[in-house]
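S.K.: Protein chains in written order, with the numbering used here: chain X, 647 to 913; chain A, 3 to 247.
Among the clues, some could well be false.
Straight-line C-alpha distance at most 20 Å; calculated SDA-like pairs for lysine to any residue [as the list claims (entries may be wrong)]:
#1 Lys908(X) <-> Pro96(A)
#2 Lys728(X) <-> Tyr139(A)
#3 Lys910(X) <-> Leu72(A)
#4 Lys811(X) <-> Ser243(A)
#5 Lys811(X) <-> Asn79(A)
#6 Lys779(X) <-> Ala862(X)
Hint data in this document are derived by calculation from the structure and do not stem from the laboratory.
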Amino acid sequence: MQTANPSQASPNARKTSIDQWWLLVFAVIALIVILVIAQPNPYQRILIFVQDGVWVTLRTTMISFVLVLILGLVVALARLSKLWLLRGIFTIYVEIIRGIPVLVQLLFWYFAFPPIIQNLGTSLNSPALINYKADPNFMAILGLTICYAAYMSEVYRAGIQSIPKGQMEAARSLGMTYFQAMRYVILPQAIRVILPPVGNEFITLLKDTSLISVVAVSDLTRRGREFMASNFIPIQPWIMVSLLYLVMTLISARVVHYIEQKTKIER
Amino acid sequence: MTSEPIIHIENVHKRFGNVHALRGVNLDVYKGEVIVIIGPSGSGKSTLLRCINRLEEFDEGRIVVDGIPLDTAANINAVRTEVGMVFQQFNLFPHLTVLENILLAQRIVRKRSKEEATRIALDLLHKVGIPDKAHNYPIQLSGGQQQRVAIARALAMNPKIMLFDEPTSALDPEMIQEVLDVMLALAREGMTMVVVSHEMGFARAAAHRAILMDDGQIVEEAPPDVLFSNPKQERTKAFLSKVLH
Ligand SMILES: Nc1ncnc2c1ncn2[C@@H]1O[C@H](COP(=O)(O)OP(=O)(O)OP(=O)(O)O)[C@@H](O)[C@H]1O
Ligand SMILES: [Mg+2]
Chain X
647 MQTANPSQAS PNARKTSIDQ WWLLVFAVIA LIVILVIAQP NPYQRILIFV QDGVWVTLRT
707 TMISFVLVLI LGLVVALARL SKLWLLRGIF TIYVEIIRGI PVLVQLLFWY FAFPPIIQNL
767 GTSLNSPALI NYKADPNFMA ILGLTICYAA YMSEVYRAGI QSIPKGQMEA ARSLGMTYFQ
827 AMRYVILPQA IRVILPPVGN EFITLLKDTS LISVVAVSDL TRRGREFMAS NFIPIQPWIM
887 VSLLYLVMTL ISARVVHYIE QKTKIER
Chain A
3 MTSEPIIHIE NVHKRFGNVH ALRGVNLDVY KGEVIVIIGP SGSGKSTLLR CINRLEEFDE
63 GRIVVDGIPL DTAANINAVR TEVGMVFQQF NLFPHLTVLE NILLAQRIVR KRSKEEATRI
123 ALDLLHKVGI PDKAHNYPIQ LSGGQQQRVA IARALAMNPK IMLFDEPTSA LDPEMIQEVL
183 DVMLALAREG MTMVVVSHEM GFARAAAHRA ILMDDGQIVE EAPPDVLFSN PKQERTKAFL
243 SKVLH
């Protein structure tokens, strides 16, 4: 059944493989530095111009991801519930979300959702609702969270279902409640299974935040566009923006890999 | 064996889709009794055992454990803390050490202090004969050792009843006896036990009653010596001739 033996893989082999991939990260960072130093115009100007966009991208990713981790678990547990109504509602939610492109969902939340609320306000005669205005950052995080929670719930669900049924039964037969069994027995084991796909979701989410540039959020992608538009240079902004995304995704991949190795060793 | 039975099973039916796994089972188990259940594969032995602590819901009938009827969720948890269960596949928690396996439910269900729970766990490990494995992970133990840890883990909750579902069938032959010895000792101490097992030696040594199940029903029950050597029902004879060769 289980074959993982902590002492099997030599730590040295693992360490060198980590180092090699970090080299790639450093190579990309070095390339950015070289470009900025060798050709400050336009690369340094671009970097300075888009740096607040990097921050917005990171902030949006982090906040959305934390919410996705929580909401995804709730959805997964609801879908595994014995109550058919709960299960049904959340199954429909996941199926709907998975059938609509992320970009369309973001457009919906930003453009369609506020007037729906305002119209509702008109018919309910509620000034608070009539004057409702969408905050782009908020709507972007909302849209990404609702979308990615559906994806994440599938990751959780697969992980939870990969744990043999006997584990839950043993826990319950010792008198634990369902949630105690989940928390102390099932999830700690499922974490190891779901860590790689969760890491992938994070990286995909990070890249997909570029879509929020179309709903008035000044993320890295939008800032790149703005620089291109105001300076009439089409090539260099996208080189710089690409390199900045690459640094973020490569570092994320390394961190995910590191956590994965660590949980393996601890076992 | 006076007064109320500690387990009262009355006309219990269980269906899985169109499989009628239990068809009207009646059984009373008294305090301190050891019952061994035998029967062909698919006859409903596991299902009956699992109904006693409601790992399986039944469709009809009534089960009362230690005076607690199995109906509301609160009752089910109350019953589960009174009833320990040992599984064929051990079902130890692989991410926890042996000691942590035995501590977990004591801490979060019984709310014992760490010191008290640890003391109880170490005592029990001593009792099942593996005091030196407390800090190992289950995967580092032999099957027989894992099953003894599973027994210790169940006993740590101070159950009044212990259920065993084929506790030795997943074990290599040379490890069967060490587990049976622990069970025998438990029986001698007066634990109420319901054991699904085809270990005739254990049944003869420990059981007050042996029960043959077939096709979701109790076909025959008698003291083990009588049931094994002098069965009345044809179905019992047929089954025993297969098991005993
Ligand atoms: N979860 C389930 N879903 C569907 N059918 C089930 C389920 N559990 C048991 N059954 C069926 O119920 C019947 C009784 O099964 P049970 O496991 O109680 O038999 P058993 O006597 O324990 O057999 P074995 O000796 O093989 O363990 C069988 O026909 C089995 O296929
Ligand atoms: Mg069985």
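S.K.: Hint by hint, note whether the structure agrees.
M.R.: Status of the hints after comparison with the structure:
no.	hint	result
1	Lys908(X) <-> Pro96(A)	holds, 17 Å
2	Lys728(X) <-> Tyr139(A)	violated, 32 Å
3	Lys910(X) <-> Leu72(A)	violated, 41 Å
4	Lys811(X) <-> Ser243(A)	violated, 34 Å
5	Lys811(X) <-> Asn79(A)	holds, 19 Å
6	Lys779(X) <-> Ala862(X)	holds, 13 Å
Going through the hint list in order, the structure does not satisfy hints 2, 3 and 4.
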